[in-house]
Amino acid sequence: MMQSFINDGRDEQSIIMHHIMQCSQYIWENRIYGNNVGMWLDNFKGTFSSQDTEKKIALSLLSEFLYYNEKEIRYLCRNLYSLFKQKIIGGYLSQNPTAHLSDAEAYFNGYLTSCRFSDMGEPGESSGYILYTFRQENNLPLTLFRQKSDLPTAIKQKEVESLIVIDDFLGSGDTAVRFWDDDPSIQKLRGSDPTIDFYYLVLLAMEQGIRNVEDNTDFCVIPAQIFSGRYRVFSDKSIILPEDIRSVAKDICKGYGEILEDEIHALGYKNSQALIGMHHNIPNNTLPIIWSKNGWHPIFPRTTKVYRMDG
Amino acid sequence: MLGYMEAAKEFFFRNSAVDMDLFIASISGEERCYRVWNMLNERDMTVNQKIIFYFEEVIRSLESGGEQKYDELFNVNEKEKMHSILYDEISGLAALEECLNLDDRDISNSKILLDISTMTKPYFFIIIQYLINEKKCTSLHLAYTEPQSYYQLQEGGYLFTRGTSRSSNIPAYSGMKDVSKKTALVILLGFEGERSSEVVRSVDPDVTIPVNGFPAYMPKFKDISLLQNEEILKEPETLYNLRYAPAKDPFETKIVLEEIYAEYRDHYNICISPLGTKPMALGACLFALKHPDVSVIYPYPREYNFKSSERYSDTWIYHVEII
Amino acid sequence: MTENYKIRNPFADFNASLMDEDDILKYWTEPQVLFELQAIGVDLTGPNPVVLMGGRGTGKTMLLKYMSNEIQIKQFIKEDLNVEEFLQNIEYLAIYYRFDGPSLSSFSNRNVPEVAWNVIFEHYFELIIGQKYMLMLQNLKKNGCLEIAPTDEEKIVSRIFELFSESQMDRDNYNFTFLFEWLQNKQHEVDKFVNMAALRRNIEFQSEPIIPSGKLIFGIPKLLEESLSNFKHKNILIMLDEYENLTEYQQKIINTLIKHTKRPVSFRIGTRINGFITYDTLNEDEFLMEDADYRKILFEDILTSSKKEYKQLLKKITEKRLNEIPILERNGFTDIEKILESVTNEDEALQIVNKSSSKRHIQEMKNILKQKSAESMLPTLLYHENPLIEMLNLLLLRRGETPEKIKDMMKKYLESEKESEDYKKYKYLYEKNKLALLFQLVSSYRPQKKSYAGFDMFAMLSSGIIRNFLELCYQSFNLGLFFDRNRLLDEGEISLEHQTDGAVIRAEKFFETIERIPTYGNEIKSLVQRLGAIFYSWQMDPRLKEPEPTYFSVDTTSLSVEDRKILDAAVQWSVLQKKKPMKSRSPIMPRRDVYVLNRILAPKFSLSYRTRGRTSESEFSSKDIHILMCGSEDDANRVIRGLTGEKERHRDQMELWDYEGFENGD
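Chains as they are written, first to last, in my numbering: chain A, 10 to 320; chain B, 7 to 329; chain C, 151 to 816.
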């Protein structure tokens, strides 16, 4: 799990700190320096284990943090479009097994004109930011991007056959399911034409969230990157922490998490146990010890949504 | 050139009634080397002719009786076994040509499936160029099976090769240099950082453009490959130049390379080193075929680890159409 | 407090190849020593060929590129001089070409006979240099350094064609650009052939005309000299870099050109040590001879011949880089010597001991005294102000010296009784051994580490390779900027700890790359790993038979051909550095070649960065060397045990190494 670049003469702490330094330089956009780490570690007062143990575990967790920087987010937007295209072409080839690829390309180009891309949340939220980036990275015309409220009219006029919703993170899937169930525009769309295809394109998705959305909506989920159960920090199959420290680590994170958030979400929204962050935000599925500001100095602060806790 | 990738299951399901004219694969110490062959058989697809490369270096590394095991797994007769040397692609190609009487045959419209899962990159590079440029094949199917997991070194690194024998251009991919231009080296990043450093040392480029496999087979791999290549990324301009291409998608990789080519070709000779995944390397191969002025450099190792991964995961089929 | 904004590491880009012409000009610092080369008969700009040998990062490429016409013109312009006078003011015009190893290896495969490949390569090389000449002329014209009428240009180009083609080409607009493109097309015919030769059997190279070796290389400069007054009395230097990338036959071709070079052309060859696979030419019984056919500059030796000058060069180079960072420049933090915090051996020893509650070295002294029933003498042998004095006393005890004698010697030393023999002896022992004693002290206070810090230390570790020094600075700055920005940006200092960590990181990375050395990487890595263990063991010898051992000697004539190649490769890649052969103990015994482990590796194995002393232990047999390079773990461990086992030492042998001298690195 850990990359070791320094000889065995150095202690483990130094090795991990060096690794964190490298992550910050090459992946985390230089967001943190040694003093940030120091201030964050000072949060751990030895409340749930010895202070030394708490700090060591905190450092181990930090060294395993999965961060998607701006360039990577932009590229995921590109990749997402490519996956969507593959999906459509695959469908075409299934119907037309002997078709040439050039036919499939032509089919996709035609299909695209009847697609409309939209975000899921309120304007100014991360979903909206991703939608903009998605359009930019794939050079898509503005005509394919509509306010959700305009869509029923477009469908009436037979302009639209597909709605593609773009999002950055799918954790538990609750937000997407709520969107499907409660959003007035979606209700209208579903009511106006039962043949409409609904796609949910998401940059990063946790496995349990994908299952939730597919079980409870008609969305076809297309994720650019999937996190299996192995990426839940304290799961039995976790590849984040070795087994011998998992239990102690969980107690520590849970303990502080309950102070910072609440019992249910002590290890991330609905016990997601994620250790993931993005350039533009840290999802609340990630352990609160990473992002919380409630009397806590976060290492990767989160910009909160005032009106609800989502996942 | 057009390309499309799909899951092998879908491909074989759709094409179960189709005969395959030619199937080419190679043995290794890994299960995934016969995965595609098994899938073909599960679908009762007919293969008119097959060639399985038995590399001497691989055979030497197998336990006793290993060769016979692959004879059975692939159900090969002696004529279908191509004994070759891994480090001599040119002779291997010549032997393939002779074996298939390709001098006299027109295979431009044949249905060919080449399994690159355990074939070394130089080998499939030269075979693909031969099929497309020399034999004018209008379409190709290439198969690749992902490993389930890679073996790790104790320290957390990943070992696929050991040492360096030489860094040289892959045969038939020497490019055409313009002496008035500088050199831009595009490296498809792998896990073995020393190999990237070795390539940079050999080429001595004026600018280095690393391409990280992202999204990767597993989320964490994107970070591992960056940190393992720290030595070349520590040059600020090189880090600034960092691009991405999906680890399992050769066509997207080709698109990224086309973008780099358009940006740099006016003032730079472009050289590529495909150290990342095999699908990415396939993308580099298709790109280089379209741009014969581009050279492809490969750091040939002293030893390959023929059992660097265990079991198998998804299998992909890549359709290439030459238009 | 300094905020968390990004500061560029001033040492992040130190690869000459990645520098464009402006960067090379910006960072160029002329080594004073180059001016002195003429004194030994080496004229970098003169008519005689010069071979520049050195490891990667010694500065050869930077020098060769700096001399190229492109950069010299830019330098001229930068100095606000009249470009029209450029040609009048220079003695030489140089073209730079780097041999691309990966491409050169394509000139060989079994589909084409070797004889044909050799002809093709000669033709190819002519085309390359011909193009380079045309680019140089275009560059001179473009920058206003060369005024030439179109008709004159046409005449010159026409005459160039006549050099290799009997038939006249019927064309208008013969100019340098046309000739460049024509040569380029011919070159691309070769490139296409090389690619096709991999795919097709029995293929023939068909291109006309084939240009014989030397026709353009010598012909074009001669024509220019005859045709253009500006080109009279100018040397045309062909700078060929990375000569080691050529195959043996390719080197023979170039060697022939060097041997039979024709005015005004001269060659400058940049290569690693042992980069010449052959000195033969194409003519039987003929080969290149040093001094007669070329002069050689050994970069590492030249740069370190004067430590003072080497350090001055390092300071100048780093100052330029530090000035590029606004906050450092603003605060006046541009002297690398001041930025790299350092510590004396004595202070470091004191820090080590004071950090620990248990005084382990004193405990050991106590144990020895107890055995001698002299425990009461302990207080007289202590000197808390300087633990290295205590370590010396411990060493003398281990060697069998009596406590009373040690006490007397120490007393005379501390009281500066300079006339006494005891003072002189003690002082000598102290000065010569204090670093080695410090290493031993650190070792007994694990997990504390020996620090590798300070400008002098980094200069030593760099082993005459400028790039190594810059890399050490890079790593230290990296750590300083991340872990202790305030200290660096507000106080202009990097701590000992971060420098040491940086040195360890650099050593590790250097070690990791060894395996990738082509062909012999595994063997060299094994050798280095095992040498590290041996040297460390010697260093920790309680009786300190070998004070600071980082070298070994061997009679290379007794090695097998393969083992010699491995050692040569190790030298070529600067893993080992070859020093002057030692005098043998007896006139009839062969000289032994001395190999020093690159000092950059010292932090990895916790070794001293100096090379001292001389004993029989450092003389390895050819069998030992072979096993250390190629042997199994078990065999190697046996050899290591044999080389590091405790041996009986007599006191008079202590006198032997005290006064005989092979010393290096002080």
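Hints may contain errors.
In the DSSO-like style, the derived pairs of lysine-lysine whose C-alpha atoms are separated by at most 27 Å in a straight line are [as the list claims (entries may be wrong)]: (1) K561/C x K520/C; (2) K465/C x K240/B; (3) K15/B x K94/A; (4) K599/C x K64/A; (5) K80/A x K240/B; (6) K313/B x K296/B.
No wet-lab data here; the hints were simulated from the structure.
All of these numbers come straight from a predicted model, not from anything done at the bench.
- request: Tell me, in ascending order, the numbers of any earlier hints that this structure violates.
  value: 6
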